[in-house]
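So the chains spell out like this:
There are 2 protein chains.
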Amino acid sequence: MIKEKKNTTPPTCVVSTPHINIFEYLTKEEAELLNINQRNVKFKKGEILAKQGSFASHVIFLRSGLAKVYLEGDQKDLILKIVTNNHFVSLSSVFDGNDSFIYSVSTYVDSEATLFNIDAFKQVLRSNSKFSAQIINLLNANTAQVYGRFYCLTRKQSHGRVADIIMCLSENIFESHSFNLNLSRNDLADLTGLSSESVTRIFKEFRDSNIIEINNKDINILDYQRLKDISTYG
Amino acid sequence: MIKEKKNTTPPTCVVSTPHINIFEYLTKEEAELLNINQRNVKFKKGEILAKQGSFASHVIFLRSGLAKVYLEGDQKDLILKIVTNNHFVSLSSVFDGNDSFIYSVSTYVDSEATLFNIDAFKQVLRSNSKFSAQIINLLNANTAQVYGRFYCLTRKQSHGRVADIIMCLSENIFESHSFNLNLSRNDLADLTGLSSESVTRIFKEFRDSNIIEINNKDINILDYQRLKDISTYG
DNA sequence: TAAAAAAATTGATATAGATCAGTTATTTTT
DNA sequence: AAAAATAACTGATCTATATCAATTTTTTTA
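Listed in order, the protein sequences are those of chains B and L. With this note's numbering, the residue at position 80 of the first sequence is 80, and numbering never jumps. With this note's numbering, the residue at position 169 of the second sequence is 169, and numbering never jumps.
Misleading hints may appear alongside valid ones.
[Said to hold, decoys possible] Once the Cα atoms are required to be at most 27 Å apart in a straight line, the calculated DSS-like pairs of lysine-lysine come out as:
#, chain 1, residue 1, chain 2, residue 2
1, B, Lys122, B, Lys42
2, L, Lys130, B, Lys130
3, B, Lys122, L, Lys28
4, L, Lys228, B, Lys51
5, L, Lys28, B, Lys130
6, L, Lys217, L, Lys228
7, B, Lys228, L, Lys51
8, L, Lys28, L, Lys130
9, L, Lys76, B, Lys228
No lab work stands behind these hints: they were computed from the structure.
Construct the complete structure from the given sequences, taking the supplied hints into account.
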């Protein structure tokens with residue numbers, strides 16, 4: 001009998017929610033209300049879409065690009081997740097008693113986002129139950145993902161964490177066993193809860209063990225099963 | 001000028017949402033629908049209200065008692081949060097594409113919970129936008145809390161983590177500087193991401209430094225400000 | 001194109017916390 | 001009340017990772 005791990009949420013760095021357009025649940029009036037209270041903005045690589053602690057006056061929807069959602073600390077940040085196109089990036093700041101962004105968001109590549117006025121957005125939440133129910137779906141799918149990462153970063157050792165990240169980037173972001181790793185070593189450190197020196201050492205070990213191949217920034221996974229094993233058992 | 005930390009969500013082990021009764025947002029018909037599809041159940045100390053991976057056929061509302069919400073791993077668990085009376089404990093499992101509990105819940109003391117049939121609950125979410133909007137509030141307040149803990153357990157060292165837990169138990173659960181610590185050393189280990197030996201040693205160090213006083217299970221905080229400093233700076 | 005700056009890598013060392021085994025204290029069972 | 005089981009504590013040792021400083025490589029700027 002194959003030894004199986006307990007049924008836990010896989011620790012992924014990105015939420016892979018199916019592509020559905022929840023805006024189609026809006027009435028014409030609601031779509032209009034949101035439309036006249038929105039801005040479409042282009043962000044360059046490295047720019048900040050939301051700043052932790054600043055006024056959360058809008059809800060941000062990443063229409064195209066790639067961004068990281070992170071908690072800022074005095075000396076170290078912690079990346080909660082990476083967001084791809086057609087995903088909200090600031091839904092979790094929308095709750096009564098809160099008027100600030102609870103985390104920061106910045107882009108990895110040139111990106112486009114739609115900013116919805118938060119009062120208009122809340123008004124639609126309170127009036128359109130099907131829309132609200134869909135938002136609940138998105139929030140809870142996100143929560144399941146973050147819980148997986150929380151467990152990973154708290155209870156796994158460094159090799160397992162790095163293996164998780166490589167697999168996640170491959171499966172969910174680049175959707176290929178070969179990809180150009182445009183995240184810096186510091187970003188990888190913030191994503192794994194390790195120091196950047198540790199990340200570099202483990203990448204080297206994986207290369208020397210013929211698990212991956214590194215050509216400058218290009219990563220090619222040679223032994224995916226081996227990564228899975230490292231992810232599972234450390 | 002007093003040196004201040006960056007604006008981060010305080011890492012608490014429990015969600016301190018204000019006590020509001022979201023059920024008052026229900027219409028008579030909705031209340032009736034939930035009422036005929038619910039069970040009020042008593043659980044003894046140590047019993048499991050929800051088992052990770054098992055069918056999430058109901059939504060659980062803890063009416064009285066104390067419970068822990070945790071992720072189970074092969075060798076170690078991770079406690080996500082502690083839940084006090086009048087709080088939901090399984091809202092985050094409610095999303096399309098999911099039919100299992102994504103975490104486990106068990107009681108610390110004898111408790112009572114109301115179990116709502118999930119289909120009835122979802123039906124109300126889809127039809128009552130004010131109720132859904134309130135659920136979104138609860139979910140996002142919960143998310144903010146868990147993000148704080150995620151940062152704490154990933155980026156803080158052991159003394160800061162233990163200080164956080166002591167402060168949180170004091171402020172949010174027992175609401176006193178003196179309390180009976182009914183959590184086992186193993187629970188504290190799962191709550192801090194440490195080993196139980198490390199937890200024991202740090203409690204002893206805090207006692208020897210006159211930060212806390214220990215009489216069997218009774219904890220008395222002698223120097224709250226010192227705990228805060230340790231929490232902030234490690 | 002060259003210089004400067006930043007990022008990444010590397011080697012050595014230090015530290016934090018885990019693990020292990022044994023002992024003691026507390027709780028549970030008979 | 002006594003025995004057994006479990007939990008907590010303690011000391012020693014080990015391991016994993018951080019830190020530090022220096023070097024090399026890559027990227028950016030002039």
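Violated constraints from the hint list, given by number and in increasing order:
As far as the earlier hints go, not one is violated by this structure.
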